[in-house]
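J.: The residues making up each chain are set out below.
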Amino acid sequence: MSDRSKLIATGKPFKFDKKRDTEFEQLVKRYPSRESMVLPALWLVQEQESWVCQEAIGYIADRIGTFASKVYEVATFYSMFNLHPVGKYHICVCRTLSCWLRGKQDIVNYFRDELNLTPGKATEDKKFSLEEVECLGHCGSAPVLQINGEFYENMDVDKVKKLLATFK
Amino acid sequence: MTEMIKLFVNGEEVEVESGKNLIDALEKVGIEIPHFCYHPALGADGNCRMCLVGIEDGRPPVVPACKTLAKEGMKVLLDADNIKKIQHDVMELEFINHPTDCPICDQAGECKLQDYYMKYEGTESRMWVPQVTKRKMQDFGGGVIHDQERCVACGRCVRFLRQITRTGELGLVNRGDDCRVEFFPGRPINNRYGLNVVDLCPVGALTSADFRFKQRAWFLKRAESICHGCSKGCNIMVDHNKEKYEDDIIYRLRPRQNEQVNGWFMCDEGRMTYKLENDNRLEECTLAGAVRPLADIFADAERRIERATKVLFLVSPSASLEQLAAVQALAEKTGATVSAFSDGYIVKDDGDDFLIKDDKAANRAGVDLLGIAKSRTHFDNMAKEADVFINFGNDLSRSLSEEQIGRLFSDTWVLNGATHPGQLGAVMEKKVGSSIALRSWSEYHGVVVNCDGIAQKFVGGVMKNVERPDIVEMAAGLGSPATGTAAAWALVQKKIPALAEFGGFLELPAEGVKLTDNEAGK
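Quick note, the sequences are listed as chains A and B, same order. Heads up: the first sequence begins at 3 in this note's numbering, then just goes up one per residue. Heads up: the second sequence begins at 72 in this note's numbering, then just goes up one per residue.
Errors might be hidden in some of the hints.
What the hints assert, rightly or not - These stretches of chain B come out as covered by chain A in the derived footprint (C-beta under 8 angstroms, 3 or more residues):
1) 236-246
2) 422-428
Said to hold, decoys possible - The calculated lysine-lysine pairs, modelled on PhoX-like cross-linking and capped at a C-alpha distance of 25 angstroms, are:
3) B:535 - B:346
4) B:138 - A:72
5) A:164 - A:129
6) B:535 - B:565
7) A:8 - B:207
8) B:142 - B:91
9) B:99 - B:190
10) B:535 - B:292
11) B:207 - A:72
Unchecked claim - Facing chain A, a subset of chain B residues (Cβ under 8 angstroms, in silico):
12) 91
13) 256
14) 566
Read the hints as simulated data drawn from the structure, not as lab findings. Every residue gets a Cβ at the ideal spot worked out from N, C-alpha and C, and that includes glycine.
Can you build the whole structure from these sequences, using the hints too?
T.: See below:
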């Protein structure tokens, strides 16, 4: 794990758009306590903006009526929440045991050498961004990538090369 | 009386109070179970794993003592090899990223990590990978400074701010070895009890900006006192020290546990009242503007009291019961009137429902118990008639403006006994006949009654270089029959029968004595 505690402030106030606003209000009814809304609300933010900024965490906390520090805890705990702007294609490389043993490092090195892309960063054209994440739950077909929510299994450098070509 | 139960610790039978968890129950009989995250005021959290103990009744091999209720016949294992290994390994884990900077750490001497290292670990570090570095000297707001590297992530501070103050400024962010305590950007600690997290922190991660680097913990002398900042009467520890060639100075006030009054905590304002005890104190006794020995001033004042037609004494609502009784006895002897007028000590809407009270006087309930008048009209009428006015440490400038005081005592001879300059207003102080520099509450012993009618003793441990009389001595010097604190205490006991069973004030129980309103003059 890396230090995710430094949040990025956009300087602009955050607000749910109309669609997320109604979705939020519907989800609230689903749970017995408003505090349960922390995770769903963070997902809504990420859906809307593709990443979670400092203002959004404050907004969620005030909207739910809980402490900002609580939402901050949750957002920094789960690596699924992007706490910095991501590229058009956000690539998550699993770094947990099976994937590590089956060569995830080759893939990470490939990104570094070919695209000058290191974990936690995005390419200059903001097309790709990379993150090393904890177990994605597909250990049987390691190593796995998750790109914008889609799984790509049994990966190696060649397959990654071909895959990236389709995104161009 | 709480029910007692018997259980076995390492095969030996011990008797403990029922209804408590193992840590609290065994602590009372002197058996320590090490722990970081558990605190009686915050409840069990079970995250530090330091308090794991074995229980021989078919439970899982080890259980956290903080979450285990002491039960009759329970067989607790503390010295088994697996328990010792757990304690050793947990300590080793805590030290992986600990900077071990004790020589420059303020907590050194009162640090759980230090104590437990000596007791439960004591081995050299086996780590060869670089330590995770984190932020140092981070301002958490509210006078709290955070060192992330020293933190053991017990979460006491986080739980205090969520459960007790309900402000929730802090959170444990990240996970694994990057876990750290942080506030959400732009929302630092901002409440009136924030500094309690410094006391709660078992290690040196949270330190007080005010106390940092002022004094090592082991040089401090401790005196068990009562906070005089408001009428709540929080139990405190006065940490003071007299360095060579220097004056005895208070470095900090810390809360002391008393379930009946303040629990484990005190407010930040109360904590800072020690500055008043150190700074800007009156040192000299004067007669007609010139510094004179105390005996001369007493002799002069005594003559004036005898010749006067009407004498008014003003006492402070923060004075101890003994002091009030001594002044009362002097008034009875000389035919003077006593007032405890102190409307200005009450700050409207300042209090809350936790510890802070509107009334900033420590012993107003005691004033009432002894039947001392304190109304404005009574004081005004008496002041107009009086030709001798003696102030016993009341800060009148809180209640009346300079002009009002000047008008009241324009042709009155005034003896001002005070701890700080300006208590009668700057103008008036130039006109006083004589003045006496008094001791303050950290320098004398006594008993005060708090807003809930609980009489509590306090001990003054500070010994200033400049000898000053306290109010009992001042009253005695002016001819009071109560010639010392013991005699004054006997007078208090006559007026408040509930206190009669205690020989000296030191025999009062530590948790205080609950008095009822109609106790006086029974």
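J.: So which of those numbered hints doesn't the model satisfy?
T.: The structure breaks hints 2, 6, 12, 14; every other hint is satisfied.
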